[in-house]
Amino acid sequence: MGEEKDLLAGLVLELRRGTLILSVLSQMAEAKYGYALVQSLEEKGVEIDPNTLYPLLRRLEKQGLLASRWDTGGSKPRKYYQRTAYGNDIYEELKKQWRQISAGIEALMEEEEG
Amino acid sequence: MTEKDQELMKRYIYQVVRRLPQEQKEEVSLELQELITDMIEEKGISMEEALAKLGDPARLAERYQDASHCLIGPEYYDTYRWFVKIVLLCSMIPVFLTGSLDAVLTGGTRVWMLGDSLMPEAAAVSVIFGVFGAALEALAAGLTAFGAVTFVFVILERQKVKLEKKAEKEWKVGDLEESPARRVPGFAPGVLPSVPSPKARISRGDCIVEIVFTVIFGVLLVFAPHFFSAVLPDGDTVTFIPLFNLEQWSVLLPFFVLSLFAGLVDDAVRLAVGVYGKAVLVSSLICNGVSLALSVILLKALPFWNPNFAADLGARLSGDEELLGLLAHWDGGLASNLLLAVILFAVLLDTGTVVYKTLRYGAL
Chain A
1 MGEEKDLLAG LVLELRRGTL ILSVLSQMAE AKYGYALVQS LEEKGVEIDP NTLYPLLRRL
61 EKQGLLASRW DTGGSKPRKY YQRTAYGNDI YEELKKQWRQ ISAGIEALME EEEG
Chain B
1 MTEKDQELMK RYIYQVVRRL PQEQKEEVSL ELQELITDMI EEKGISMEEA LAKLGDPARL
61 AERYQDASHC LIGPEYYDTY RWFVKIVLLC SMIPVFLTGS LDAVLTGGTR VWMLGDSLMP
121 EAAAVSVIFG VFGAALEALA AGLTAFGAVT FVFVILERQK VKLEKKAEKE WKVGDLEESP
181 ARRVPGFAPG VLPSVPSPKA RISRGDCIVE IVFTVIFGVL LVFAPHFFSA VLPDGDTVTF
241 IPLFNLEQWS VLLPFFVLSL FAGLVDDAVR LAVGVYGKAV LVSSLICNGV SLALSVILLK
301 ALPFWNPNFA ADLGARLSGD EELLGLLAHW DGGLASNLLL AVILFAVLLD TGTVVYKTLR
361 YGAL
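Chains as they are written, first to last, in my numbering: chain A, 1 to 114; chain B, 1 to 364.
Honestly, I wouldn't trust all of these hints.
[Stated by the list, open to error] Incomplete in silico selection of chain A near chain B, CB under 7 Å:
1. Gly34
2. Pro50
3. Pro55
4. Arg78
5. Lys79
6. Tyr80
7. Gln82
[Stated by the list, open to error] Listed below are the simulated DSS-like cross-link pairs for lysine-lysine, each with C-alpha atoms no more than 27 Å apart in a straight line:
8. A:Lys44 - B:Lys43
9. A:Lys62 - B:Lys53
10. A:Lys76 - B:Lys10
11. B:Lys4 - B:Lys43
12. B:Lys43 - B:Lys53
13. A:Lys32 - A:Lys96
14. B:Lys199 - B:Lys85
15. B:Lys25 - B:Lys53
16. A:Lys5 - A:Lys44
17. B:Lys53 - A:Lys32
18. B:Lys85 - B:Lys10
19. A:Lys5 - B:Lys53
20. A:Lys32 - A:Lys76
21. A:Lys44 - B:Lys25
22. A:Lys32 - B:Lys43
23. A:Lys5 - A:Lys76
24. B:Lys4 - A:Lys76
25. B:Lys4 - B:Lys199
26. A:Lys76 - B:Lys43
27. A:Lys95 - A:Lys32
28. A:Lys76 - B:Lys25
29. B:Lys357 - B:Lys278
30. B:Lys278 - B:Lys300
31. A:Lys44 - A:Lys32
32. B:Lys25 - A:Lys62
33. A:Lys76 - B:Lys53
34. A:Lys32 - B:Lys10
35. A:Lys32 - B:Lys25
Note that these hints are calculated values from the structure, not bench results.
Quick caveat, the model's predicted, so the values are computed rather than measured.
Cβ atoms here follow ideal geometry from the backbone N, Cα and C, with glycine treated the same way.
Just chain A, same shape as in the assembly (with noise of 0.2 Å):
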């Protein structure tokens, strides 16, 4: 019994990686800090952990698809993450297969339903 549940908790979270970097990026069209944006989702119902988004964040940064800055202003210094131009296209872009990818598993999983 553990380990099928073992199985089924690996088998969501390698469903749950591949959708992450959409979930993020939807999020970023607006400046961000980190844990606004663990929030944000959380409410929305897409759980992160945060140890998980904060490394993401910066790959994603690396790869050109968000940019940072810090905001001192504040009470504590944060750093906030927001959409590139470029971001926007890939997020565009993967907004489009996302589509392609939910309606052709939809329709596989009906079709197996009857």
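Fit chain B to the supplied structure of chain A, relying on the hints for placement.
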């Protein structure tokens, strides 16, 4: 936030950033500070709870490093394994053979050839120790070879990452006007070669055996040319009467080694290509040609044989008429011709096989 919490957070962040490259340390440290304090403030949880939620700092640091964690990736792994096998065989066997042969020859000759019944145990012990030492040396050689091969492949793996990135960039600039459908870099089913006929395939095992034997022979020639000798007991020691002209060895050896090297190159090509075809045919013609040419130079133009072989051996064999009679027939020129005939036969046989198999089954 209490001082204790501060200290805890500092420790956690240190455990993460100490695993990161220098240029990331400061920023990640600030980022984590921001994150941890946010988690505590927004969720109303304790420092311990927040850190527990972030999990093992080592794992977090791992996530920050996007570099892959394998020394040699799947792309090179297969080749790497073949290489390790060959190199291990080529290093350990020759070292072991040279060492133990040496031990057996020097330690054992007395007992076996002289019938030295006085100290057979001592000789046997020295042989055992010698063989044991050779095994240790072989182990050390194997480890060194393993390390060296791994090192080379690790470099390849790292370089590949760079090369691929470069290629990607160049490709993007060059292919901007291409239609999207054609933008498939790298693999395309159209470039898959056809499956070779089973008879056109070259056995990897054969190649490896050949390579190993060539290397063993080469190592013996370079490090222990006196093994190619008549070994005679001489009082307490052993006398080697070399078959080859060791006085001219520095002149002869390069030809020998080059000739073996040509064979190695040929085997390496066969191993890499794996199928009879143009590449193997060309390599085999060139390498066999080079080998043959070098053999001719070595045997016909250079003072290859020890000129004193027959005389020295005869002087020590006085009494054994039968052997002396045989020795009287010893003639370097004749030996050269015989050996050359054998080499020529081998070369022709090999080349003939390659030509036949290539024309019959291979893809030209």
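The hints, checked one at a time:
no.: 1; hint: Gly34; verdict: holds (6 Å)
no.: 2; hint: Pro50; verdict: holds (6 Å)
no.: 3; hint: Pro55; verdict: holds (4 Å)
no.: 4; hint: Arg78; verdict: holds (6 Å)
no.: 5; hint: Lys79; verdict: holds (6 Å)
no.: 6; hint: Tyr80; verdict: violated (10 Å)
no.: 7; hint: Gln82; verdict: violated (16 Å)
no.: 8; hint: A:Lys44 - B:Lys43; verdict: holds (17 Å)
no.: 9; hint: A:Lys62 - B:Lys53; verdict: holds (26 Å)
no.: 10; hint: A:Lys76 - B:Lys10; verdict: holds (16 Å)
no.: 11; hint: B:Lys4 - B:Lys43; verdict: holds (19 Å)
no.: 12; hint: B:Lys43 - B:Lys53; verdict: holds (12 Å)
no.: 13; hint: A:Lys32 - A:Lys96; verdict: holds (24 Å)
no.: 14; hint: B:Lys199 - B:Lys85; verdict: holds (25 Å)
no.: 15; hint: B:Lys25 - B:Lys53; verdict: holds (21 Å)
no.: 16; hint: A:Lys5 - A:Lys44; verdict: holds (25 Å)
no.: 17; hint: B:Lys53 - A:Lys32; verdict: holds (22 Å)
no.: 18; hint: B:Lys85 - B:Lys10; verdict: violated (48 Å)
no.: 19; hint: A:Lys5 - B:Lys53; verdict: holds (21 Å)
no.: 20; hint: A:Lys32 - A:Lys76; verdict: holds (15 Å)
no.: 21; hint: A:Lys44 - B:Lys25; verdict: violated (32 Å)
no.: 22; hint: A:Lys32 - B:Lys43; verdict: holds (18 Å)
no.: 23; hint: A:Lys5 - A:Lys76; verdict: violated (41 Å)
no.: 24; hint: B:Lys4 - A:Lys76; verdict: holds (20 Å)
no.: 25; hint: B:Lys4 - B:Lys199; verdict: violated (75 Å)
no.: 26; hint: A:Lys76 - B:Lys43; verdict: holds (17 Å)
no.: 27; hint: A:Lys95 - A:Lys32; verdict: holds (20 Å)
no.: 28; hint: A:Lys76 - B:Lys25; verdict: holds (19 Å)
no.: 29; hint: B:Lys357 - B:Lys278; verdict: holds (11 Å)
no.: 30; hint: B:Lys278 - B:Lys300; verdict: violated (32 Å)
no.: 31; hint: A:Lys44 - A:Lys32; verdict: holds (16 Å)
no.: 32; hint: B:Lys25 - A:Lys62; verdict: holds (16 Å)
no.: 33; hint: A:Lys76 - B:Lys53; verdict: holds (22 Å)
no.: 34; hint: A:Lys32 - B:Lys10; verdict: holds (25 Å)
no.: 35; hint: A:Lys32 - B:Lys25; verdict: holds (22 Å)
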